[in-house]
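Asks: Below are the chains, spelled out letter by letter.
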Amino acid sequence: MKPSKTLYIAGHILLLLFITSDVMAENCLEAREWFEEGLSLADNSEQEVSYYQQAIHLCHEFVAAHNRLGEVYKNQKKYNLSIQAFKQARIQALSSDRFATRSDSRTLFLESAVSLGEIYRIQGEYEPAAEEFTKALELDPDSRAAKNNLQYVYKRLHHYDDVLPSNNNLLNNAIFTRIPGLTLPDSTYSFDFQWKHWDQESTPVNVDMLHPDEIVILPDNQHSTIAGLVEDGFLTASAPEELSSTINVFALSMRYGITNDITLGLVPKVLSQSLDISLSGFNELDIPTNTELGDTELLLKYHLWGKQKQHISFYTLLNIPTGKEIKVTGKEPLITRVAVQHDDGSVGVETFEFDFVRYVPFGSESFDITPGLALTIGLDPFVFHSNIQYKFTDGILIGDEFRFNIATIYSMNPSVNATMEMNFRWRGEARRRFHTVLFKFQPDAIMRGGVTAGPVAVESFYTEEGGSTLFLSPGLQFTVADGIRIEAGIQIPVIKQTPGWTESIVFQLGITFLSF
Amino acid sequence: MNISLISSIKRPEAVRQQWPFPCLTLWIILSCCAITGCSNDIFNSPRIALDTVKKNPIPEAHVIITQNNIYQNNRSGIRTRGNMPIHIQKNNIYQNGQGGINLNYSARVRITDCTLSQNKNSGISADNAIHLQIKRNKILQNERGGIRIRSAQQLTPTNTSVTIENNSVFLNNNGGIHTVSDTSLPIRLHISGNSIYRNQKTGIRIEDNVHMTAFNNEIYKNSTSGIAAYSNKAVSPMLDAYQNKIFFNQGSGILIHSGITGQIGLSNNLVFNNYRGGIACGLWGESSNEQIDVEIFHNTIVANGSDAEGAGIRNDSIGNVKIKNNIIAYNFTTGIMTDKCWGSSYNLLFANGETSTTSELSTSPLSFLIDKKQYAGCQTWQRGDVLDVPEFTNPDQYNFTLQMHSPAIGAAAPINSAYFHDTPSDNLGANLFLIPAE
Chain A
1 MKPSKTLYIA GHILLLLFIT SDVMAENCLE AREWFEEGLS LADNSEQEVS YYQQAIHLCH
61 EFVAAHNRLG EVYKNQKKYN LSIQAFKQAR IQALSSDRFA TRSDSRTLFL ESAVSLGEIY
121 RIQGEYEPAA EEFTKALELD PDSRAAKNNL QYVYKRLHHY DDVLPSNNNL LNNAIFTRIP
181 GLTLPDSTYS FDFQWKHWDQ ESTPVNVDML HPDEIVILPD NQHSTIAGLV EDGFLTASAP
241 EELSSTINVF ALSMRYGITN DITLGLVPKV LSQSLDISLS GFNELDIPTN TELGDTELLL
301 KYHLWGKQKQ HISFYTLLNI PTGKEIKVTG KEPLITRVAV QHDDGSVGVE TFEFDFVRYV
361 PFGSESFDIT PGLALTIGLD PFVFHSNIQY KFTDGILIGD EFRFNIATIY SMNPSVNATM
421 EMNFRWRGEA RRRFHTVLFK FQPDAIMRGG VTAGPVAVES FYTEEGGSTL FLSPGLQFTV
481 ADGIRIEAGI QIPVIKQTPG WTESIVFQLG ITFLSF
Chain V
1 MNISLISSIK RPEAVRQQWP FPCLTLWIIL SCCAITGCSN DIFNSPRIAL DTVKKNPIPE
61 AHVIITQNNI YQNNRSGIRT RGNMPIHIQK NNIYQNGQGG INLNYSARVR ITDCTLSQNK
121 NSGISADNAI HLQIKRNKIL QNERGGIRIR SAQQLTPTNT SVTIENNSVF LNNNGGIHTV
181 SDTSLPIRLH ISGNSIYRNQ KTGIRIEDNV HMTAFNNEIY KNSTSGIAAY SNKAVSPMLD
241 AYQNKIFFNQ GSGILIHSGI TGQIGLSNNL VFNNYRGGIA CGLWGESSNE QIDVEIFHNT
301 IVANGSDAEG AGIRNDSIGN VKIKNNIIAY NFTTGIMTDK CWGSSYNLLF ANGETSTTSE
361 LSTSPLSFLI DKKQYAGCQT WQRGDVLDVP EFTNPDQYNF TLQMHSPAIG AAAPINSAYF
421 HDTPSDNLGA NLFLIPAE
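As given, the protein sequences belong to chains A and V, one line each in that order.
Per our numbering, residue 1 is the first one in the first sequence, and the count goes up by one each step.
Per our numbering, residue 1 is the first one in the second sequence, and the count goes up by one each step.
Take these hints with a grain of salt, some might be off.
Claimed, not checked - Taking lysine to any residue and the SDA-like style, the derived pairs with C-alpha atoms no more than 20 Å apart in a straight line are: (1) K78/A x D396/V; (2) K78/A x G410/V; (3) K196/A x K78/A; (4) K221/V x L108/A.
If you're looking for bench data, these hints aren't it; they were derived computationally from the structure.
In isolation and in its complexed conformation, chain V is listed as follows (with noise of 0.2 Å):
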């Protein structure tokens, strides 16, 4: 067991900005410890050992508990209180009685390049923390999800913000990431470069007062939806998901129950197989009153669905979901399926439901189904729209990047934001560009 006490004044220039915390700390470091529990319930097992690691110091934090065994504890593999800065990296945390990390009250913590494996709890569990990064992580296998990051009312609320960067997040019992809100302030919660994969639940799951940016994430084959957002209370999330890859999950691959969109919306997505629908807003069957504020822009949206809600893009509520310069083709039950009838155009719909389009049909008696299958027996073409082959490069392979002819190449409505101001487009559907290859 190695400890390390460190006592500093003076701060460098990069850790007084991220770290605002007092000039005179104490650097705790403990590292290449194995860390193992009794099997008494009794007593609460130790969770760290404290080491020396002269090598590689982290000026940013004031506790480092780095390259730990850290496994079968009755209790977490790490608990912390308080908001003294700690960097937690490099250590196995694996089969511990509750969860791999727990943060507990103003945490500001960093979590790298640990692996989190069957714990009892979720891997990571934050509450009311303040300011949390969690990178290049492996979080498996956890009873209750692999992240799991809430905000409760207190006295003085806490402003959360979360980043949440290059982290596999899989075959966890319980959902991939969730967070839930219900302060005053929202959790900001910033996810990128993930794979979040073969959870139980939903890949990333947000409700209430919590506001997302994902993007250039990987999310397949979680059993439920890739992103959900719901709400319970007054306050609905608010997300911006772009530039994702979302795919063979088993619910829809957006889930929005409840929730806006931000600056970005639904942009640059590409969602396809997954076995619900593409992208869904609110609950299927159901029109209540969920506050639904949607744009859904510049998406590739491929054959999802396996029954009637399996739509491209769905709307159930009575929220405005703008659904613009698409590619919605092969979905099981539609291309777009609104409430409404309306808030569609520029989009390119292809062989949605049980019938093709093609041009060489457009003579045919079928072209009336043909159009009326890809809006759900809605009032059909909307403006801008093309009904033709999107001509995928390779469909059957996942390649949906365009061919040179296809009708989606410069047949897009120009969108004025921010975003798209960066990441201009004349054509349908998303810039495959944008989005990590495997």
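With the rest of the complex left out, here is chain A (with noise of 0.2 Å):
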């Protein structure tokens, strides 16, 4: 074929395209006079059918009657028609590349994605509904009517785990900051099971009182006699020279409404202590570990002021001593040589067995009251906590403490969210009662013979001081079931008091139940 001849044929093709689009384009603008005929009735009659019948049939291309004829259809009840309508709708609109271009074909899609969705709801069609509103979303994500409608659809499905979420948050707990400004509802419970998991050691203390008639015996004085002993000042020696000790906290929670502002709580513990005692002259001493009872505590909290997502509660916690100080003793006896003036005047050497006898306290031995303040806000997706409380002791075993707790809840999406707190805490100065006794003569025993009259308690005192500390806390919280709630979370100490007990690092872990 000759080029001029290719050009001549390909000329006329373009011309005839040229014409015909001319034209389309022609019946197209007509088409939208009788559409805009059409929406001037909005009657839904069958005249208002007609006119975008007569635009579609100048113009299939036309998306917007389309939609049009299907609503009406929609409203005249032809479902099966309205059907046909949009999905011709969305068909002229995937292939026309002059659709494509539009400003509006979004929007165009969009309605005939969510008026098929809204057809299946219509004819209670759940599944294929959710389809057309999830691919109204894939296309638009802020689509309002395509996640109004997905929503109900999940909702009449039972699908509860895929409705979308809201965005507005409960108020969930923190981790550390145990104590919200909210209060249970009327007739309410809530139960929550705690484990937390820390070391902790003293540095040296000092002994400032024993008790008089007692006297201690060390393997390192092997060549003293008794009355040398005592010269040589056992207040010292009595005393380890560390300790330190692991201690697993398992607290359950149970909390009441007993009325939309009044909450009652009971945290029993239990307690599981290993105590390491290091003292000179012993290098192997056992570390047994013990689990008992410890103290319980009572919640009463007040629910003083609050608005939707704003609450402040005054609360006040009564420690109930229901743990005690626990006689512990370990993989002993221990074999020590001990030197032993005779009656004759002779010294020998004696072999004794001994235990090491250690006390370990479970509980404060006394009813403490902490009265507090706990703050409540939330701001989507952020919930924040504070309280801040005061506990009035003895200041035997345990001192006077103040705590002040701020916790950042993040919702990062609905099965989880992130936490950050930070806990500060003082604690005054305690006097401490300490049992280190390695093994024990009754004085007057000592001088007949060597005969031992058995261990005897002795009780040493020291004060432990107090001091600041300061934790960082992140954590995580998992929703894993309806209700239930999986945390997570580490207790950083950034600041630590000195001297005196401190926690290491603090592990917890925990899991809420809610229920009526």
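Fit the two chains together into the complex; they arrive one by one in their own frames, and the hints show the way.
Replies: So, in structure tokens, the structure goes:
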């Protein structure tokens, strides 16, 4: 074929296309007039239908006319015809280049998807309805009509796990700031179970008082007489070089809403403690672990003021001394040799077996009261909790304690919250009782041929100094099932008190159940 | 062009009661004209032509403009000034350079059975009118709203009364009906039996000193709220909205940014699938000092909302909102979201927020969460509340009548008002038999 002929044919084709497109454009202009006529009727009449049909006949790719025709059919309850019209609208929308470049193309496409979904919904066909609304949301994640309808459809399907989040979250509790400003609704319960684990240690303490009729014989002083030991000053000798313990606390918190404004709570605890005492002369002392009931806290909270997401409550915690000081022995007896002066004046060496007795406190052994104030503010997606409290004690086993907590909870998604807390604690001095008796004789028994009178408790006293500790506490909360939340967090002491007991990092795991 | 002039000394009694103008009257009737404009902006094109119509005379009007096509004029299709009674009837008024009908200063006008479309300003606009009746018109695709009524400060305040009945107001580029009064005397606005839909802003919007009664209207698919009340001045609007069907609006069904309800309140309305919320008081996320005192009684509020603000009933203001005897179900975020967590009682709440509420679940660990969700985290369970399936006849097809075994039946508390004495109901939710069917 000659190039000139090819050009000639191509020219004709182009001209034909040009004319066709010109005719189509002209037809579509006329179609718009029919469409406008239909709109001006807007009475869902057959006449209105005929106007849109005429418009579509003139211009197949007139998506708005298809949509409007589908809408009228829907209003006339001719659902099958309506579905056909909306599907045609979608086909035309997808196949038309011209449509794709229009500024309102997305709106028109969206309209067909939402309308189709509505028809399926009207017919009770929830699954295809959900599909259409999902398609609409893929196109426009902000489509209010699609979100609204999709949530409704999922509710009708009882697919509550799929229901779109409303971004209006409940006020979740924090991990370490355990008392929020909210009270429980009337006649409702909440339960949570917490496990807390940490190591703590204390620097050597100075014993300032020992029971006057008790003495201690230490292995290092094998060549001393009892009298000599007494003179050496057993006050110092009876104190441990180092104290450390590993503590696990298992707390069950039960709360009940007596009224909307008053919540009663009970928090019994079980403690497991391993007490490691380092004494000079005994390198391998056993570290026994004991698990006992700890103190129980009784919570009474009153909702002072509140509106939707801002609440303030006053509360008081009463410490019930259900935990006792427990006598603990390890895998002893230990064996040591002690120099003894016999009646004839000779000095001999006797071997003794003895128990190493520890006394571990599992409670304060006093009724202590802790008044406090708690505040909760919800600012989606954040929730802020804060509480401030002061514990009044008798200052013996534990000192007074002031706590100030601030917690921020960020809802990452409906199932996961990230928390960050700052927990400040100040402790006052405590007059601690301490039992670290290795082996004891009654002084009058020593001089009777070295016959031991058996171990005797020796009670020493020292002052545990108070101080301030600041923890930074990140954590995560996971909703694993309806009404069940698991949480994990750590408390990092960024400012530690010295001396006195100081925690290392505190680990906490918890599970919460919400129920009637 | 036909012109008829009729003089009259004595008026019929009915006319005297309705139109208290002087006895000596001149009647002008214009009809059956085609009045088009010229394209030159220098000239004000003619607006009306006069003709005599001998059949069906309308005695209560002095000027009758009937059966004309008034289109493509540079300015308004019809413009009036002064208080001569005018009846504008059965005209087709479209594509005019300003409004379709523009009424100025003390107008006493009836507009009936007209079509007003594609005008560059509002379909009907009235400033400081005295008495307007707008009935059975079709008002569509006007650039600045369907009907705009304003009263501005003037030496002698105008006592304006407007009745808008049985019109179709749709596809206007602004709101459907917008009324604002800046005067010491309120505009008294009665809106009933209208279909107000697909307008680009609010279906009905009132501002400042307007007293509105809206009933038996269908208000749907407007681009913002169905009904909205605002105030920029010291005086807040007063409204009673009852027996309306308000649905598929992009904003809230009813939004009272500022306003108080009258003797009837917001009662017996069916409010569903509005995308910001059902009934909202105050402005979302802002607790300001709007004057709000609203009673919300016996409404059926279903499946509203699409985001955090999408509660069935919401009060973000510090004002008073009483919520009683409503059915509030399937709403997006929550059922009742009030700033103070009180003010509601005897409502049925179900499946609001992301959770359901059924009696079977009442023993599950979920129940606590469920209740909290119904009340937006408030203290839950107000007096007389029912948290159960409402048992609508067919909510998928928007049929919210109650089945015989619905827990909403007989659960309402009596409301002491004249309106509810006339339309008593023992059931929670709207009395749907009072609301016109499609």
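Asks: A separate judgement is required for each hint: does it hold in the structure or not?
Replies: Evaluated hints:
no.: 1; hint: K78/A x D396/V; in the structure: 16 Å, holds
no.: 2; hint: K78/A x G410/V; in the structure: 36 Å, violated
no.: 3; hint: K196/A x K78/A; in the structure: 64 Å, violated
no.: 4; hint: K221/V x L108/A; in the structure: 15 Å, holds
In this structure, the earlier hints numbered 2, 3 are contradicted, and the remaining ones agree with it.
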